[in-house]
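Chemist: Mapping the sequence shown onto my numbering, position 70 (from 1) lands on 77, and the numbers just tick up by one.
Honestly, I wouldn't trust all of these hints.
Just the calculated beta-carbon pair ranges, DEER-fashion [claimed, not checked]:
#1 THR69 - TRP43: 29 to 37 Å
#2 ALA73 - GLU46: 16 to 24 Å
#3 VAL84 - ALA20: 30 to 38 Å
#4 ALA88 - ALA16: 30 to 38 Å
#5 GLY80 - GLY45: 29 to 37 Å
#6 ALA42 - GLU21: 12 to 20 Å
#7 SER82 - ALA20: 15 to 23 Å
If you are wondering where the hints come from, they were derived from the structure by calculation, not from laboratory data.
Virtual Cβ for every residue (Gly too), placed ideally from N, Cα, C.
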Amino acid sequence: MATYTGESADPAAEAVAAAGERRIVAVVRDEHRHAWMGEALDALLTARPDTIVVEMGVPESTPRGALHIATHGASRVCGQAAAEAVTDISGPSGG
8 MATYTGESAD
18 PAAEAVAAAG
28 ERRIVAVVRD
38 EHRHAWMGEA
48 LDALLTARPD
58 TIVVEMGVPE
68 STPRGALHIA
78 THGASRVCGQ
88 AAAEAVTDIS
98 GPSGG
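Whole structure, please, built from the sequences with the hints as guidance.
Modeler: This is how it looks when you write it as structure tokens:
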């Protein structure tokens with residue numbers, strides 16, 4: 008797992024290196040409100056277009072990623088539902 012909060016020089020490279028061959032799931036919240044988050048997501052999707060994007064806030068931008076899951080909130084139940092959806096898609100091995 009890699010976490011980016013706007014302070015890394017190259018978050019996409021860090022996420023790609025951490026993932027290896029596994030599928031990347033990028034979890035963002037209100038991505039359209041934070042330029043740094045949009046830039047980091049752009050770089051990640053350029054490096055790994057197969058990335059699944061989970062939007063935990065209010066989805067205002069165009070859906071992006073190989074799959075875009077919008078939870079319309081960041082509550083525990085929303086996170087659980089997103090995790091279950093990703094697990095169903097990726098399978099237990101992440102691939």
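Chemist: Of the numbered hints stated previously, which ones are contradicted by the structure, given in increasing order?
Modeler: Violated hints (numbers, rising): 1, 5 and 7; every other hint is consistent with the structure.
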